[in-house]
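Trainee: So the chains spell out like this:
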Amino acid sequence: MGFDYTRSTGPTLGRFLSDLRRRRVTGIRGSDGRVHVPPLEYDPVTAQRLSEFVDVAATGAVRGWSWIPEPLEGQPLARPFAWALIQLDGADTSLLHAVDAGSPDRMATGTRVRARWRGERVGAITDIECFEISDEPADPPAEADDVTMVTTPVHLRYTHSASPTEDPFLRGLMEGRLIAQRCPVCEKVYFPPRPACPTDGVPTTDRVELGDRGTVTTFCVVNVPFLGQRIPPPYVSAYVLLDGADIPFLHLLLGVAPADVRMGMRVEAVWKPREEWGPSMQNIDHFRPSGEPDAPFDSYSRHL
Amino acid sequence: MREVAVVGFAQTPCVRETDGTTNGVEMLVPIFHEVLGGLGLTKSDIGFWCSGSSDYLAGRAFSFVSAVDAIGAFPPIMESHVEMDAAWALYEAWVKLLCGEVDTALVYGFGKSSAGQLRRVMAMQLDPYVVTPLWPDSLGLAGIQARMGIESGLWDERSMASVAVRSRAAALSNPLAQLSGRFGVDELLAADYVADPLRRHDCAPITDGAATIVLAAGDRARELCERPAWITGFEHRTDSPSFGTRDLTTSPSAVAAGKAAGAEDVEVAELHAPFTHQEILLRQALGLGDDVVVNPSGGVLAGNPMFAAGLARIGEAARRVHDGSASRVLGHATSGPLLQQNLVCVMEGRQ
Numbered sequence: 001m002g003f004d005y006t007r008s009t010g011p012t013l014g015r016f017l018s019d020l021r022r023r024r025v026t027g028i029r030g031s032d033g034r035v036h037v038p039p040l041e042y043d044p045v046t047a048q049r050l051s052e053f054v055d056v057a058a059t060g061a062v063r064g065w066s067w068i069p070e071p072l073e074g075q076p077l078a079r080p081f082a083w084a085l086i087q088l089d090g091a092d093t094s095l096l097h098a099v100d101a102g103s104p105d106r107m108a109t110g111t112r113v114r115a116r117w118r119g120e121r122v123g124a125i126t127d128i129e130c131f132e133i134s135d136e137p138a139d140p141p142a143e144a145d146d147v148t149m150v151t152t153p154v155h156l157r158y159t160h161s162a163s164p165t166e167d168p169f170l171r172g173l174m175e176g177r178l179i180a181q182r183c184p185v186c187e188k189v190y191f192p193p194r195p196a197c198p199t200d201g202v203p204t205t206d207r208v209e210l211g212d213r214g215t216v217t218t219f220c221v222v223n224v225p226f227l228g229q230r231i232p233p234p235y236v237s238a239y240v241l242l243d244g245a246d247i248p249f250l251h252l253l254l255g256v257a258p259a260d261v262r263m264g265m266r267v268e269a270v271w272k273p274r275e276e277w278g279p280s281m282q283n284i285d286h287f288r289p290s291g292e293p294d295a296p297f298d299s300y301s302r303h304l
Numbered sequence: 001m002r003e004v005a006v007v008g009f010a011q012t013p014c015v016r017e018t019d020g021t022t023n024g025v026e027m028l029v030p031i032f033h034e035v036l037g038g039l040g041l042t043k044s045d046i047g048f049w050c051s052g053s054s055d056y057l058a059g060r061a062f063s064f065v066s067a068v069d070a071i072g073a074f075p076p077i078m079e080s081h082v083e084m085d086a087a088w089a090l091y092e093a094w095v096k097l098l099c100g101e102v103d104t105a106l107v108y109g110f111g112k113s114s115a116g117q118l119r120r121v122m123a124m125q126l127d128p129y130v131v132t133p134l135w136p137d138s139l140g141l142a143g144i145q146a147r148m149g150i151e152s153g154l155w156d157e158r159s160m161a162s163v164a165v166r167s168r169a170a171a172l173s174n175p176l177a178q179l180s181g182r183f184g185v186d187e188l189l190a191a192d193y194v195a196d197p198l199r200r201h202d203c204a205p206i207t208d209g210a211a212t213i214v215l216a217a218g219d220r221a222r223e224l225c226e227r228p229a230w231i232t233g234f235e236h237r238t239d240s241p242s243f244g245t246r247d248l249t250t251s252p253s254a255v256a257a258g259k260a261a262g263a264e265d266v267e268v269a270e271l272h273a274p275f276t277h278q279e280i281l282l283r284q285a286l287g288l289g290d291d292v293v294v295n296p297s298g299g300v301l302a303g304n305p306m307f308a309a310g311l312a313r314i315g316e317a318a319r320r321v322h323d324g325s326a327s328r329v330l331g332h333a334t335s336g337p338l339l340q341q342n343l344v345c346v347m348e349g350r351q
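So the protein sequences, as listed, match chains A and B. Residue numbering for the first sequence follows UniProt numbering, starting at 1 and increasing by one per position. Residue numbering for the second sequence follows UniProt numbering, starting at 1 and increasing by one per position.
Hints were generated in silico from the structure; no laboratory data involved. All the pointers check out, no bait thrown in.
Pairs of lysine to any residue residues, derived as SDA-like cross-links and limited to a Cα-Cα distance of at most 25 Å, are as follows:
(1) B/Lys43 - A/Asp206
(2) B/Lys43 - A/Asp200
(3) A/Lys188 - B/His33
(4) A/Lys188 - B/Ile77
(5) B/Lys43 - B/Val95
(6) B/Lys259 - A/Thr46
(7) A/Lys188 - B/Pro75
(8) A/Lys188 - B/Ala73
(9) B/Lys43 - A/Val202
(10) A/Lys188 - B/Pro76
(11) B/Lys43 - A/Ile247
(12) A/Lys188 - B/Lys43
(13) B/Lys96 - B/Arg220
(14) A/Lys188 - B/Val65
(15) B/Lys259 - A/Val45
(16) A/Lys188 - B/Phe62
(17) B/Lys43 - A/Glu187
(18) B/Lys259 - A/Asp43
(19) A/Lys272 - A/Gly172
(20) A/Lys188 - B/Thr42
(21) B/Lys43 - A/Thr199
Only some residues are given here: those of chain B computed to face chain A with a beta carbon under 8 Å:
(22) Thr21
(23) Ala70
(24) Thr132
A few chain B positions that, by computed beta-carbon distances, are all more than 12 Å from chain A:
(25) Gly38
(26) Arg166
(27) Gly289
Cβ coordinates follow ideal geometry from the N, Cα and C atoms, glycine included.
Just chain A, same shape as in the assembly (with noise of 0.2 Å):
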């Protein structure tokens, strides 16, 4: 699952993150004198507006640390190295970022780093790649344009197990049949399934299987574009309540003119070709008009 999150830097961070571009670091004076790098938007203690920079340099010493034998995706480097606060030559915070150390041995509190810059500087706590140990000073400052926003690209991975519930539904869908299940208590049919009754509280216990037959309780005409969308607009969502369900799903409607489509309208699944089955609802690829006469009002009124 990934999403680049993409944000405005404001004035204190802007001056930070356009700085770091120029192989500079900047700092801010907090109302205590202290000068924080980061630098911070506001007094940690008073909670004052803060806005006096203070430039500091590239170097410093470390001031607490851990070792990372094995990297995690997306950390600065991607083998071992250490965590560690520094507290750069003018500060009185201290920064966290990577030291690459090779081996932990060459670690202690006071050890003196310098920042190893990014080639390709973007405006970002990652143009410093990491820090080095060094005495002597880091690469010297250059010029660049200040940067206003930052983009933070997140990545994550999940694994989705299938619960109780959904495992008969997806099992199902891999042999073309539709299984939903049955509160015990309230008896109304769930498709797809839930785990609990949603009115009920209870586990949904009962397997039922539907037909690919339903009707439409209500639907949208999808004009606008948008990213990752899979159809050319304009095209028809429609809500399908499948026979002997008490709960639609969301799916497509093709086949039919947009303005013809109708609430009631009596719709069936056209299914992929079989061996393009998996455990997906795509699996019906999408829906159209059965031809038979629409659904009176009274028979989805409930189910809208």
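Starting from the known structure of chain A, fit chain B onto it as the hints suggest.
Mentor: The following block gives chain B in isolation, referenced to the frame of chain A:
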């Protein structure tokens, strides 16, 4: 002022991996039945519902809305949610009861950490501009804090291992614990580091689980529970999210929350300390002496269901009042990186 008490508590077993959805419904249904059934209540007796969970942990949007299925929210209920440990949801419910709006509340938290990579998911709670892009992992950050304490002489790797030994031994009497057993300090110290100076035993395990507490006010609490755990102090405080500016060897917010809630003279304290050194730090911050029984359940080192573990600390502490084994207890919860936010709930039994 109204008096409010914890009258019921239930939690799932703490396990490495469950087969349910990340919406928590499969974990919540049985503990709702257990806690309500134990009090002779049904869902219609609950005036307010409040939960704590995280969509980043669940890997899906609005997982807390799907979780409401476990309640059976018809007719409609009054409900709220915090994207924090459910101990903060308990605080919200407590305020609601104090205001006199309702007489009962059910609070729950759930987390299926096994679905994702917890060490990376936890980076989502850090500063999104200058920290998260580095993807610091929760163990690496805690390792920095542990080393600062070691170098300040506040604890050492032996005293940290002793915390793990005591937790796992205590968990032998907790049938819901994930990790328990008799270990020796030297045996644990023989293991490799996972984030030097932290070894595996210094870190809470990755756990799937859920917990729930029922609160009731005044006479309603006395009707429902023979020995309610009356809340006498309930406070939460926060430190700067900029942890490079903080002295990481202490936690001003824990000190302040403990003082405000009246942490003194407690017999039992359940502390939400996901790392061994943090238990030592919290004992100092809350001023808990050697006579205080800390984490008789084994604490989160024996099972750490994210977003439920802090609530479960309060539930475990309250349970010692309910069963008559203690009369003044403390439950603590933490949120944010490196003990940034801390909550203390002090409870008493009465004759």
